[in-house]
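K.L.:
Residue strings, one per chain:
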Amino acid sequence: MLQVIKAEVLLAGMGEIKVARGMGVLGCIGLGSCVGTLLYDPMTGIGALAHVMLPEPHGEEAIDLPGKYATTAVPNLLKELGTPQYAWTRLKAILIGGAELFQNRQRTLQIGSRNVEQLHSLLDTLRIPIVFEDTGGRYGRSFELDIATGQLTMRMVGGVTSTYELARSLGMLAKAG
Amino acid sequence: MIAELSAFRQDALREIGNIGLGGAVTALSEMTGVNFRLEVPEVLELTTAQLRLVCPSEECLMAGTIARVEGDWQGEAAFLFPWHSAQVLWQVLTGSSPSDLSELNELYESALREVANIMLGSFLTALSQLTGFELHMEPPAFAADMSAALMSSLMVEAMYGQRELLTIETRFCVPERQFEGFFFYLPETGSLQKLFEVLNI
Numbered sequence: 001m002l003q004v005i006k007a008e009v010l011l012a013g014m015g016e017i018k019v020a021r022g023m024g025v026l027g028c029i030g031l032g033s034c035v036g037t038l039l040y041d042p043m044t045g046i047g048a049l050a051h052v053m054l055p056e057p058h059g060e061e062a063i064d065l066p067g068k069y070a071t072t073a074v075p076n077l078l079k080e081l082g083t084p085q086y087a088w089t090r091l092k093a094i095l096i097g098g099a100e101l102f103q104n105r106q107r108t109l110q111i112g113s114r115n116v117e118q119l120h121s122l123l124d125t126l127r128i129p130i131v132f133e134d135t136g137g138r139y140g141r142s143f144e145l146d147i148a149t150g151q152l153t154m155r156m157v158g159g160v161t162s163t164y165e166l167a168r169s170l171g172m173l174a175k176a177g
Numbered sequence: 001m002i003a004e005l006s007a008f009r010q011d012a013l014r015e016i017g018n019i020g021l022g023g024a025v026t027a028l029s030e031m032t033g034v035n036f037r038l039e040v041p042e043v044l045e046l047t048t049a050q051l052r053l054v055c056p057s058e059e060c061l062m063a064g065t066i067a068r069v070e071g072d073w074q075g076e077a078a079f080l081f082p083w084h085s086a087q088v089l090w091q092v093l094t095g096s097s098p099s100d101l102s103e104l105n106e107l108y109e110s111a112l113r114e115v116a117n118i119m120l121g122s123f124l125t126a127l128s129q130l131t132g133f134e135l136h137m138e139p140p141a142f143a144a145d146m147s148a149a150l151m152s153s154l155m156v157e158a159m160y161g162q163r164e165l166l167t168i169e170t171r172f173c174v175p176e177r178q179f180e181g182f183f184f185y186l187p188e189t190g191s192l193q194k195l196f197e198v199l200n201i
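Read top to bottom, the protein sequences are chains A and B.
Per this note's numbering, the first sequence starts with residue 1, numbered consecutively.
Per this note's numbering, the second sequence starts with residue 1, numbered consecutively.
Hints were generated in silico from the structure; no laboratory data involved.
A few chain B residues facing chain A, derived, Cβ under 7 Å:
1. L101
2. A143
3. A148
4. A149
5. V156
Even glycine gets a Cβ: it sits at the ideal position worked out from N, Cα and C.
Modelling step: build the complete structure from the supplied sequences, incorporating the hints.
P.N.:
In structure tokens form, the structure reads like this:
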């Protein structure tokens, strides 16, 4: 009997990092001010995703989760990918989330946009290009990326879904051809 | 963090939720003419696991407010309503309700902000009568989105503002209308100690 084998979905919870090697689906559910930060190595086909919550640690806070802060998530993602440092520039990045859900606050911490800024600056320094970004705004997002096909599905509240074919921008076609 | 709190102190926090929200729910009942039932508050570690208590799915639509509390017991106070329950409130308060997000407008947003204003106001009054604390609140801000996005944004704000990752969560409901609402208070670090000192426990 023919069975449809569904790719395993690896969901990164708050502060977590998940890794998919060659196949599988990486995703985050219900990103508000958090940012789903994904690095992909087109040479090895490995993708690593962090559910980043905050731009950087406060003082001497213990780092309990590797993906919790932008400043700890990026080095940990690089470690998970195992890409040699000289080849970091071949990596591709995806950023999703970083919204401000609650509007018209008298004093806002603007964590969403601070997360995004911090990640931009870290990736810029490493010269890792961001090939897809959907950040900011006042709405939450969920997404899943199929690491084998480069298909990205994004969901907003109320069942609004968008699909993007990112194989080319992630450098997958180059590898196949 | 909760393990560090004695059972007695946890009881005291629950009692604060009870007394504070008792008045708040009465205020809401007066405002709407609907009888709300208050359940026993829970003192919980603030984690995403709580989402399951609030909503059957992480992507289900909820509406809510958040307001900063200043003074002797600083923190963030939030009300969250599953969409259906928010619709019940809107129907009672404004005579109509948005069927989905696209129909949401300033009228509905301000109605929920007003609910939060009145309920939080009476929560803070009860709390300050009990403790002598001077407390005031900022105007509540509104959001409607996936439950997980709302909860995680609240949690992250609490972390960034150096809050205790602990919440006094209270559910209030109207069973015959399938209405339920949730109140969360996220106290700032150090403020719990202050509270226990004042209460002499």
